[in-house]
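Visitor: Sequence:
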Amino acid sequence: MVDLRSGHIIISANLAKKLFNGITFAFATYEKQSEQLLVTPVSSIWFAKVHGGAQFMLKERNLNGDKSLAVREIFIEHELDAEDRKLNFEMVEKTRLLKICLQK
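In terms of my numbering, the numbers along the sequence shown are unbroken and rise by one, the last being 258.
There's no promise every hint is true.
[Claimed, not checked] When the alpha-carbon atoms are kept at most 25 Å apart in a straight line, the in silico SDA-like pairs for lysine to any residue are as follows:
{"hint": "1", "residue 1": "253", "residue 2": "156"}
{"hint": "2", "residue 1": "213", "residue 2": "234"}
{"hint": "3", "residue 1": "172", "residue 2": "215"}
{"hint": "4", "residue 1": "203", "residue 2": "179"}
{"hint": "5", "residue 1": "213", "residue 2": "187"}
{"hint": "6", "residue 1": "253", "residue 2": "160"}
{"hint": "7", "residue 1": "253", "residue 2": "164"}
{"hint": "8", "residue 1": "248", "residue 2": "232"}
{"hint": "9", "residue 1": "213", "residue 2": "175"}
{"hint": "10", "residue 1": "186", "residue 2": "175"}
{"hint": "11", "residue 1": "253", "residue 2": "226"}
{"hint": "12", "residue 1": "171", "residue 2": "253"}
In short, the hints are calculated from the structure, not lab data.
Since the structure is predicted, the reported quantities are computational estimates derived from the model, not experimental observations.
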């Protein structure tokens with residue numbers, strides 16, 4: 155499960171464990187053509203070379219293990235709708251890439 159709340163991407167514990175496995179920083183970038191936010195652990199060196207993107211701290215959201223990624227600046231920079239909502243996503247397990255759809 156992936157939600158947008160108050161300018162933060164909230165990633166459920168199960169998904170966060172598969173994706174980050176203890177890594178506390180992520181690369182994130184917005185792809186305008188596909189209207190997707192791409193998120194991957196900083197250990198994915200290929201991502202920075204291919205997509206660029208900024209580095210963000212992945213914070214503990216609660217005791218369940220849910221994670222929070224503060225991406226408000228991406229929403230402001232690209233003039234995206236930051237209304238709280240559930241987000242559709244796809245995880246590419248091989249490359250540990252999370253593709254989050256930002257379309258309403």
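Visitor: Against this structure, judge whether each hint is valid.
Guide: The hints, checked one at a time:
no.	hint	in the structure
1	253 - 156	holds, 10 Å
2	213 - 234	holds, 22 Å
3	172 - 215	holds, 16 Å
4	203 - 179	holds, 17 Å
5	213 - 187	violated, 28 Å
6	253 - 160	holds, 20 Å
7	253 - 164	holds, 14 Å
8	248 - 232	violated, 29 Å
9	213 - 175	holds, 13 Å
10	186 - 175	violated, 28 Å
11	253 - 226	holds, 17 Å
12	171 - 253	holds, 16 Å
Going down the numbered hints, you'll see the structure goes against 5, 8, 10, while the others check out.
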